[in-house]
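Protein chains in written order, with numbering that gives the first Met the number 0: chain H, 0 to 99; chain U, 0 to 144.
Hints are computed from structural coordinates only; laboratory data are not their basis.
Note that this is a predicted model, so its numbers are computed, not measured.
A virtual CB, placed ideally from N, CA and C, is assigned to each residue, including glycine.
Everything hinted at is true.
With a cut-off of at most 25 Å between alpha-carbon atoms, the simulated DSS-like pairs for lysine-lysine come out as follows: (1) H:LYS86 <-> H:LYS40; (2) H:LYS40 <-> U:LYS144; (3) H:LYS86 <-> U:LYS133; (4) H:LYS40 <-> U:LYS133; (5) H:LYS86 <-> U:LYS138; (6) U:LYS44 <-> H:LYS61; (7) U:LYS138 <-> H:LYS40; (8) H:LYS61 <-> U:LYS133; (9) U:LYS144 <-> H:LYS86; (10) H:LYS86 <-> H:LYS32; (11) U:LYS144 <-> U:LYS133.
Partial list, derived from the structure: chain H residues whose beta carbon lies under 7 Å from chain U: (12) ILE68; (13) GLU71; (14) GLN78; (15) GLN82.
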Amino acid sequence: MELKGIGSDLGLGAAFPEVSGTKSTSAVEGAGKFFSELVSKVNDMQMQSDQAIQGLATGENKNLHEVMISMEKASISFQFLAQVRNKAVEAYQEVMRMQV
Amino acid sequence: MDFFSSMNISSSALTAERTRMNLISSNLANASATRTPEGGPYKRKDAVFSATPLESRFGRALDSAAGQQTRQVEVTEIVEDQNPPRMQYDPSHPDANAQGYVAMPNVNVVEEMADMISASRSYEANVTAVQAAKSMALKTLEIGK
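Just chain H, same shape as in the assembly:
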């Protein structure tokens, strides 16, 4: 009788098929790139809001509501960034808690 190990079609190998095309280096790079892009976009929002406040203070921009809305946009996108960061840290900690 032939015994098949976990590497065969029936064992864990079937549950976790090898995915081709995802190399670890590119994944790390991708995540880093994604985060730095996200941070720079949120930073852009904050800069826009800063400029709007400055414009209001110097009398260049006379629309109070535009400043308030750009501040809200900056705040929401920052909270989104914080939420993404929390999720990433959570995932990292989950991995670190894994028993080897």
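Using the hints, position chain U against chain H.
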């Protein structure tokens, strides 16, 4: 980002309502102005609102069908009320004509007050829309918590 487009629409409406409010202030302030740089009494001014397509960063083609139908509002024109001036008998006034009548602006203060209530209520409605969009966005972020 689609979440912010509703905020942009509300922002355009707030700008438009502010313009309307400015015109109402101007009408009320000049309710008895008999002289203008153009000559004659002040004429009541009103804003013409028009719906314009929301300008999008990625062009119209990439927008969803619903996204293409959204319109923001813009004040495209400010028109003068062409009704004749109100003639008031006041011979002692320096702008009185030979019959002793003064041409007063065609501004009806009560009408302006009603317009003002309408403008400030619309403004409030749009502020509420911004707040609703914001709380929707924040509620969405709570999904991750």
